[in-house]
Amino acid sequence: MWFSSGCQIMVLTFIGDYLACNWTFYRWQSAVLLTVVFLSMSIGAPTFGYVGDNYGRKKALGICLLVQFSFGAGAAAADSILTMIILMAFVGFTVGGFGQAVTYACEFYPTKDRGTAGFYTAYYWNLGTIVIILIAWE
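Using full-length UniProt numbering, the first residue of the sequence shown is number 1, and each one after it goes up by one.
Any given hint might turn out to be false.
Stated by the list, open to error - What follows is a list of derived Cβ distance ranges for each label pair:
| no. | residue 1 | residue 2 | range |
| --- | --- | --- | --- |
| 1 | 110 | 26 | 34 to 40 Å |
| 2 | 79 | 112 | 22 to 28 Å |
| 3 | 42 | 119 | 31 to 37 Å |
| 4 | 73 | 112 | 24 to 30 Å |
| 5 | 103 | 69 | 30 to 36 Å |
| 6 | 103 | 134 | 26 to 32 Å |
| 7 | 28 | 122 | 19 to 25 Å |
| 8 | 69 | 126 | 34 to 40 Å |
| 9 | 62 | 42 | 17 to 23 Å |
| 10 | 133 | 73 | 22 to 28 Å |
| 11 | 15 | 56 | 33 to 39 Å |
To be verified - Capping the alpha-carbon separation at 25 Å, the derived lysine to aspartate or glutamate pairs in DMTMM-like fashion look like this:
| no. | residue 1 | residue 2 |
| --- | --- | --- |
| 12 | 112 | 53 |
| 13 | 58 | 17 |
| 14 | 59 | 17 |
| 15 | 58 | 113 |
Since the hints were derived computationally from the structure, they do not count as laboratory data.
In this text, a Cβ means the ideal position worked out from N, Cα and C, and glycines have one as well.
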């Protein structure tokens, strides 16, 4: 989950210039795409935090995964910048909800091991970004 989110967010930084060339839009529109994704992440984090606290983290994370997959697949098939911005806003919203995966993972470990469990859970975000960078290098 964190691995795929790290990959997806890192791809946005590379794909903006590519889309600007192929879809013939302005660079500021690429900046709007990134801005909308990160703003929606900041809205999704407290929203899914509330949902996770009141209805269960497992359900909240399941919703995050389903919505991210659906709108991420739609964004991959988008044919305009406006469609891409709208779909990626939903993806960003769900990425904001993945922060509770660390809390959820830590709940299964004894108190003394929770810091280590949280570290390794969050580590996969960085691993995802590194993998995308290595793929983009080629």
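In ascending order, which of the hints set out earlier in this document are inconsistent with the structure? 1, 2, 3, 4, 5, 7, 8, 13 and 14
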